[in-house]
Amino acid sequence: DAGITQSPRHKVTETGTPVTLRCHQTENHRYMYWYRQDPGHGLRLIHYSYGVKDTDKGEVSDGYSVSRSKTEDFLLTLESATSSQTSVYFCAISEPGQGFQPQHFGDGTRLSIL
Amino acid sequence: AQSVTQLDSQVPVFEEAPVELRCNYSSSVSVYLFWYVQYPNQGLQLLLKYLSGSTLVKGINGFEAEFNKSQTSFHLRKPSVHISDTAEYFCAVSDTAGNQFYFGTGTSLTVIP
Numbered sequence: 001d002a003g004i005t006q007s008p009r010h011k012v013t014e015t016g017t018p019v020t021l022r023c024h025q026t027e028n029h030r031y032m033y034w035y036r037q038d039p040g041h042g043l044r045l046i047h048y049s050y051g052v053k054d055t056d057k058g059e060v061s062d063g064y065s066v067s068r069s070k071t072e073d074f075l076l077t078l079e080s081a082t083s084s085q086t087s088v089y090f091c092a093i094s095e096p097g098q099g100f101q102p103q104h105f106g107d108g109t110r111l112s113i114l
Numbered sequence: 001a002q003s004v005t006q007l008d009s010q011v012p013v014f015e016e017a018p019v020e021l022r023c024n025y026s027s028s029v030s031v032y033l034f035w036y037v038q039y040p041n042q043g044l045q046l047l048l049k050y051l052s053g054s055t056l057v058k059g060i061n062g063f064e065a066e067f068n069k070s071q072t073s074f075h076l077r078k079p080s081v082h083i084s085d086t087a088e089y090f091c092a093v094s095d096t097a098g099n100q101f102y103f104g105t106g107t108s109l110t111v112i113p
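If you're matching them up, the sequences are chains A and X in order.
Following our numbering, the numbering of the first sequence begins with 1 at its first residue and continues without gaps.
Following our numbering, the numbering of the second sequence begins with 1 at its first residue and continues without gaps.
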């Protein structure tokens, strides 16, 4: 199994607070992704990264920012959390040469914003 | 842009019966197609993918899918399901340039003893 660790696994916070989710990989792969999963929507891409300090927006990026200062870590930040951002968040990576094809996923972070 | 439609949100099936999970896509360009499985409280796992070549693709856990370009479909099949196949299944599509990747909304497969 690909070594992908998401932290925290569960978090409850209040509206307006900042939240940072961490994704750590041990594979040294170039491409990393953040998705959110909501009933009736499947998985939607928030942001992705194609290398250290190289990131780009996905289809639902509003209200989120990301950073990648090291190959192994990809951080997702909600600057001021809103209830609409209550969701399950998944990090994913692609194997080399596969381009934009998420292949291995972390176990998710369940985020509740009250 | 591409999109993918999973026609059934829930599929109940008895153990050892065959199952087909339907997936249709829309695209004006050539595509790659994927099926993923998600077990409860876990991330997604890649079941199989179609990139080129044979239209019948075999994956893990006895699943297979057939790419039908004329019907723009990529249905997932298994001839005999087990209780352990109970999970959420996602179809996905990407363009061959590797610039876009979209998931369907998922099909919840429940295997009944």
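No lab work stands behind these hints: they were computed from the structure.
It is possible that some hints are incorrect.
As the list claims (entries may be wrong) - Taking lysine to any residue and the SDA-like style, the derived pairs with C-alpha atoms no more than 20 Å apart in a straight line are:
id : chain 1 : residue 1 : chain 2 : residue 2
1  : A       : Lys57     : X       : Gln100
2  : A       : Lys11     : X       : Asn41
3  : A       : Lys53     : X       : Asn99
4  : X       : Lys58     : X       : Pro40
Said to hold, decoys possible - Rough simulated footprint, nothing fancy, chain X against chain A, three-plus residues with beta-carbon under 8 Å:
id : stretch
5  : 41-53
6  : 100-114
Glycine residues also receive a C-beta, built at the ideal position from the N, C-alpha and C atoms.
Taking the hints in turn, this is what the structure says about them:
1. With a CA separation close to 12 Å, the supplied pair Lys57/A and Gln100/X stays within the 20 Å bound.
2. Under the criterion of a C-alpha separation no larger than 20 Å, the hint pairing Lys11/A with Asn41/X is consistent with the structure, at around 15 Å.
3. Between Lys53/A and Asn99/X the alpha-carbon distance is near 19 Å, which keeps this suggested pair within the 20 Å criterion.
4. For the hint pairing Lys58/X with Pro40/X, the CA-to-CA distance comes to about 24 Å; that exceeds 20 Å, so the pair is violated.
5. For the stretch 41-53 of chain A, the assignment as covered by chain X holds, since 5 residues bring a beta-carbon within under 8 Å of that chain's beta-carbons and 3 suffice.
6. Coverage of the stretch 100-114 of chain A by chain X holds in this model, with 9 residues showing a Cβ closer than 8 Å to a Cβ of that chain against a need of three.
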